[in-house]
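Chain residues, written in single-letter form:
There are 4 protein chains.
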Amino acid sequence: MSEAVVDLNADLGEGYGPYTLGADADMMPIVSSASIACGLHAGDPVIMRRTVREALQHDTAVGAHVGYPDLWGFGRRPVQLSKDELHCFLLYQLGSLEGFLRAEGASMQHVKPHGILYNEAARDESLSTLICDVIHSFDAELILFAPAGSITADVARQKGLRVAEEGFADRGYTPQGTLVPRGQMGAVIEDVRQVSERAAELARGQVLSSDGSLLELKIDTICLHGDTPNAAGFARAIRAELDAAEIEVRPVSTFLKESSSGRRHS
Amino acid sequence: MSEAVVDLNADLGEGYGPYTLGADADMMPIVSSASIACGLHAGDPVIMRRTVREALQHDTAVGAHVGYPDLWGFGRRPVQLSKDELHCFLLYQLGSLEGFLRAEGASMQHVKPHGILYNEAARDESLSTLICDVIHSFDAELILFAPAGSITADVARQKGLRVAEEGFADRGYTPQGTLVPRGQMGAVIEDVRQVSERAAELARGQVLSSDGSLLELKIDTICLHGDTPNAAGFARAIRAELDAAEIEVRPVSTFLKESSSGRRHS
Amino acid sequence: MSEAVVDLNADLGEGYGPYTLGADADMMPIVSSASIACGLHAGDPVIMRRTVREALQHDTAVGAHVGYPDLWGFGRRPVQLSKDELHCFLLYQLGSLEGFLRAEGASMQHVKPHGILYNEAARDESLSTLICDVIHSFDAELILFAPAGSITADVARQKGLRVAEEGFADRGYTPQGTLVPRGQMGAVIEDVRQVSERAAELARGQVLSSDGSLLELKIDTICLHGDTPNAAGFARAIRAELDAAEIEVRPVSTFLKESSSGRRHS
Amino acid sequence: MSEAVVDLNADLGEGYGPYTLGADADMMPIVSSASIACGLHAGDPVIMRRTVREALQHDTAVGAHVGYPDLWGFGRRPVQLSKDELHCFLLYQLGSLEGFLRAEGASMQHVKPHGILYNEAARDESLSTLICDVIHSFDAELILFAPAGSITADVARQKGLRVAEEGFADRGYTPQGTLVPRGQMGAVIEDVRQVSERAAELARGQVLSSDGSLLELKIDTICLHGDTPNAAGFARAIRAELDAAEIEVRPVSTFLKESSSGRRHS
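Chains as they are written, first to last, in our numbering: chain W, 1 to 266; chain E, 267 to 532; chain Z, 533 to 798; chain S, 799 to 1064.
Honestly, the hints are just simulated from the structure, not real lab data. It should be emphasised that the depicted structure is a prediction, and the values quoted were computed from it without experimental measurement. Built from N, CA and C at the ideal position, the CB exists for glycine as well. Don't take each hint at face value.
Said to hold, decoys possible - Below, a sample of chain E positions facing chain W; criterion: calculated Cβ distance under 10 Å:
| no. | residue |
| --- | --- |
| 1 | Pro335 |
| 2 | Trp338 |
| 3 | Glu351 |
| 4 | Leu367 |
| 5 | Leu393 |
| 6 | Thr395 |
| 7 | Leu396 |
| 8 | Val400 |
| 9 | Ala510 |
| 10 | Ala511 |
| 11 | Ile513 |
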């Protein structure tokens, strides 16, 4: 009997014009949610429509991967914008993806901040508030993807937004549930077998932390990287492990409960 | 008793970052419809939100001014795109503006192709069809702005879209109802008094053509230029003339009949 | 007998495509040095060539106005680049302007960092060093424009570069020779007569500081703003005052002594 | 004894920010000339400097790969520019690359128009003239890369520029010495052995044409593609074949005679 369920997500549609980035074709059949770049840090209208259509063909739920307006820097560095300006740039991106979804008779599932915006917001209440306000003003039913246990997740729930708490199967966790910072021992796990097993553990809500203790961590969605070497290999291994463990992989919107409920799937 | 009614429209929000273009602040209180650039040939998210808000403050209806993706060329030259690619770029623009409107609790009235796209489509059935298909896929209730009597207007009606037929008070018309080509005698009318009077004539459906004959021309909306020297002066004079002539100036959505009805206001 | 000599400079060629910024046509006959934007924070190849040609017609010396790669932000905000990346972006700009000068049989006089880069460097030795290294690698004969008394000026001289120390006639100076920070009393001087007189004082090397004491400040070039309201009016008034005071206005390369000499014109 | 000599060239540095395109690292040791994108259709300042440095490390000669300003379209489609505007955009690119070469104490060998510009010019005298005029105004010693027997090559010689006539080992030639148009039988040769042999034939000045006759065709430089699947494999095979045939591979500047001499190496 399948008791556990989890969403698998990847960042897709990150090319631009002649340029490709990431193994979109390989990833799409594996994931249940796709976060699609909206043309400012990556992506363009042609790639957006194609990626939306591919997602719908695979019953993959679609979200807006919103980032700083910085194609050259790929949204990996902050762009100095006033709160008000950033608000406008994020709203622009939500709308632009909505156009493609509406034209296909589909709707948006979620919003995931990209790159440095995701990381900054995770520890910055005011930035998290801004992101939530943008989403609220556009569509209060959207689900926000945020690091499990982050400030972003807390702020979103306070604002009445649904949150998908996100975990990383290839990253180590401290006993407190935060990611082991890159550069430290155990920050990144490179063994594909170990990563797959951790994915299953994350889906079940318990994972071994960096000091060997068992960490309880409710995870709604696991992030699969699409732009690392052998990204597709890792993704397939993770999916196979989840299937073998009879953990169902479904878009987070199909199982996420109300935002007010504190914990959403149990 | 006021019998005649007409819409006055202008292209607004055409700046970019530090750059301004056009007399937006002067034009907004005069026009009843604003076509707002969507960030690809001009405009940016910050300018878009500001322009949307200013429009709503003045009860000015808002439309998407969609163009070729070409900031440097300002959408005044064609960009070589496949039909499919152009479709994506136009849809992207509709969505991006929709985001700002939705966040303000407002909705989009119309779509106006910009620059060379407007001119090309006016005489190209296949391009007009593409534009109509994009609009249909996004929101079939949107009104398309097209030159009065153009191929674009015909195609749109066949497609079941509502069309606002657009007239130009500062341009000469041939007896056949087409614009006297630029460069020919009588192409552009520069006298502000004459332009104002022609605006009133256009609103009433009859205007003197280039050979002196009276041309019947049903016009729903008159285009006011915002980026010419003394644009605001012309706009004020036209508005004053219409007011004096008791011609009501209202957003075209408030008086445009069904697309199928052939003629819409009478 | 004319004893004093000074350079007048302005930032020109700051438009982009359809957009204009600043009163270039008015400023060019007034200034003796033009700093031309190189296409990354402003400017484009067409504007660059036109501005270079106009400068040469007026015997105005030409410099590269180099900035952060950020058209939307106009180089007014820092872009997060590694030192090595910034080096590349600056070198790119020097080369691009050089092409237009070489094609006209002319040569570059100076380099002026733009906007936030100029301000950051003025108090940052490592950034000043980077800028000097770029210039050195490109052409060690170029003159660097830097705030009078700034770290940039010191670093440049240590590196063996010639420096034009720049003054601002419309800004107040502290008794220590630094600018009164914007926002404080006396930071900006708005009276055109007073600004003109201060320009003459700066050219002669003595100006009244914010506490009323006389400040000795050797200035090689005075910056005229081209993008403020009535920029041309201020520029003409300053030029007229200098002419009346028999202070010669010439490109800084015609009177600047060796970099090693500490003080350059006396 | 080695009698024959030929240049091998490839288009390198075609990435942008996070995006890569082509197998630069594999190609650089194989080719004798590198055409480097200058930031308008591809490339950026960081990639330009890196590619210049790698070229110099391998004693590979460097040229400017100049194209239409169109990152999204990658210079594969024409951009509608006036002759004068295109002149400015090309000159800008020459200068920008020159900066990086000068900083390394190196100099530019050649100019190669990119993509559609190369193809358009090959059959358009006026466009070829424009390109030659740009080069002349910048540095009359530069070598222009042009299709063997093209209008571009003729115009360049008339203008007194040196030309490297370029051949394609993977393309079929008509008995008249033009390329068999893509889409026709024999347009593209896919067998690596055959391509290698044709490279050697081209270097020796005789190649089998599409009707089986022997075509005399003086080729100075052979273009190796860097962005096709197995590009590096083809390049290595061609280089090995030339080495085995004792055909020397050297930068074209080391053996190209005067432009006026009609034929340059014999």
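Quick rundown of the hints versus the structure:
1. Pro335: Hint holds; E/Pro335 Cβ to chain W Cβ min 8 Å, cut 10 Å.
2. Trp338: E/Trp338 check fails; min Cβ-Cβ to chain W is 16 Å, beyond 10 Å.
3. Glu351: Hint on E/Glu351: holds, closest Cβ of chain W at ~5 Å, below 10 Å.
4. Leu367: Holds. Min distance 8 Å.
5. Leu393: violated (17 Å)
6. Thr395: Violated, about 16 Å.
7. Leu396: Violated, because the Cβ-Cβ distance from E/Leu396 to chain W comes to roughly 13 Å (cut-off 10 Å).
8. Val400: At 8 Å from the nearest chain W Cβ, E/Val400 passes the 10 Å test, so the hint holds.
9. Ala510: violated (40 Å)
10. Ala511: For E/Ala511, the interface hint is violated, since the closest Cβ of chain W sits about 39 Å away, which is over 10 Å.
11. Ile513: Violated. Min distance 35 Å.
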